[in-house]
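> Protein chains in written order, with full-length UniProt numbering: chain V, 1 to 312; chain H, 1 to 242.
Derived by calculation from the structure, the hints in this document are not laboratory data.
Just to be clear, a hint being listed does not mean it is correct.
[Claimed, not checked] Taking lysine-lysine and the PhoX-like style, the derived pairs with C-alpha atoms no more than 20 Å apart in a straight line are:
| # | chain 1 | residue 1 | chain 2 | residue 2 |
| --- | --- | --- | --- | --- |
| 1 | H | K164 | V | K121 |
| 2 | H | K135 | V | K229 |
| 3 | H | K59 | H | K48 |
| 4 | H | K164 | V | K136 |
[Unchecked claim] Here are a few chain V residues that sit away from chain H, every Cβ distance over 10 Å (derived from the structure):
| # | residue |
| --- | --- |
| 5 | D39 |
| 6 | K77 |
| 7 | V80 |
| 8 | N134 |
| 9 | E239 |
All figures in this text were calculated on a predicted structure; none of them were measured in a lab.
Ideal Cβ placement from N, Cα and C applies to all residues, glycine included.
For reference, the chains in residue letters:
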Amino acid sequence: MELPNAYEDLSSEMEVDAFRRLFPLRYFERHLTESIRPDARPLRKARDTTIALGAVASADGSALAKIGSTTMLAAIKMEVMTPSLESPDEGCIAIDFHMPPICSPNVRPGRPAEAAPVLSKQLSDTITSSSMINLKELSLVSGKAAWIAYLDIYCLDADGALFDAALLSAAAAFSHLQIPVVSLDSDGKIVIMSEEQKEKISETKPDNKEKRKLTLSTIPFSLTCILYKSYILADPTAEEESIMETLVTVVLDSSGQLVSLYKPGGSVLIYTSAVQVNLLFPPYIVMALEICRDLYHSCRCCFVIFDINIHA
Amino acid sequence: MEIDRADGRTPNQLRPLSCSRNILHRAHGSASWSQGDTKVLAAVYGPKAGTKKNENPEKACIEVIWKPKTGQIGKPEREFEMILKRTLQSICILTVNPNTTASIIVQVVYDDGALLPCAINAACAALVDAGIPMKHLAVAICCGVAETGYVLLDPTKLEEQKMKAFAYLVFPNSILSVLPEVSSPAKGEPVEHGIITSVTHGAMSVEDYFLCLERGRAASAKLSDFLRSLQSQFSGNSSKAG
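So here's chain V without its partners, still in its complex pose (with noise of 0.2 Å):
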């Protein structure tokens, strides 16, 4: 930053690559001013996402999302158990996030990576707060038995906004779910009906007939963004994340509510009088809302589209 110059005119000297290994925030900048990033996407563009659903045979109900290269795997199992007795007509859900060492060159073997406990409680926190599942709906018997979802995220590639992508394996995952059949067998205990079993319905007294879904209220949709001087870069990568450290995470779900606005730490967002609250950081929130709009009709339309597959 002091000698600005001495920088540029290595810049022209210099190979690229010696460059951004050399100057990473001095060879951001040259990009952001010209309002590319280095991977060609504009400022404010989400990279590419996909969502694969049913990735885990052996789950009851799974999901594969991509957001450019992060890649997460989300899978829940479903148990039975006695609900507590604060809550008799609710199940409950348990929520982990695994980040192995295959997922990022940050990541030790036989050391747990700092960042998986914090999102892992994140995860859980957006996901009880945006109401996205009713847990009346995962009760068996009031007071008696209930269903525990355990929901695993396995971070497969770190490459940036881990908790956007784990957030949409999440709710895909869900969306995918299939609650199991099962009976009350002679001793009054509940077990899980095998596909065989299952031709012999009418002997025992089965809880839900059929293999049933959960309704999904709202789903919560989450964009991080790098605050980096003046510039909002949506979605970013692990490099820029290492680089630029002042990260926002807006969590929205389909009604309009805001779920999360979580920044830790940074450099100060964005400045106001206290007259103009109303206009702060609007063009963040609206531009929020705009790619979490976008990313939520082509999930939904993932989402539709898997259903009708599972149902032909």
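With the hints as your guide, set chain H onto chain V.
Then chain H, alone, in the frame of chain V:
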């Protein structure tokens, strides 16, 4: 319309604040901060030589260790550690002491709501006590949004459970500088109107969030004054750091 709070406060009223500094003898800096019954003790050790693995050696490294009142550290505490670390990183001047580590140990004494803001305030006071170079101070506040859309400041644990949503907000303290060039980067707008950290729980409308911001910002001025008055109160005492 009035909302009844169990302790008879008005919606915008904070609980009584108290802070004492320099209470631990071995630490380089320490402070205890309490808001009503919520009390947090923070100690700073450092700057110590060397940084942790995967940290930039050209900058000072900040390490936060969260000690809950009882039991083992779990996922919520890990999240608090990370938020606290990122918040403190953004208010400290990290380039003055490169390749050093400052450890901040946060001990929860009693949790009666607004725990994270209380811890941020305590850590900030402890950093001042330790003489760690900082750009400016930060003040943290908790805003709760009730089902009916009311915003309550600094809720207690009981109130927190009844809330639909709440937001932890951290605002920068205004810089009182003798240097004319240290002015806010944005044209004519005071620094203390920005947000350093924002963490929300529960769903709320965007308008409610802005309302929280407005109320929190107004109340943070009071906190800022309190923090500043402490500083002048202690500035006569010799610092142990150095």
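> For each hint given before, does the structure comply? Return the numbers of the non-compliant ones in rising order.
Structure breaks no hint.
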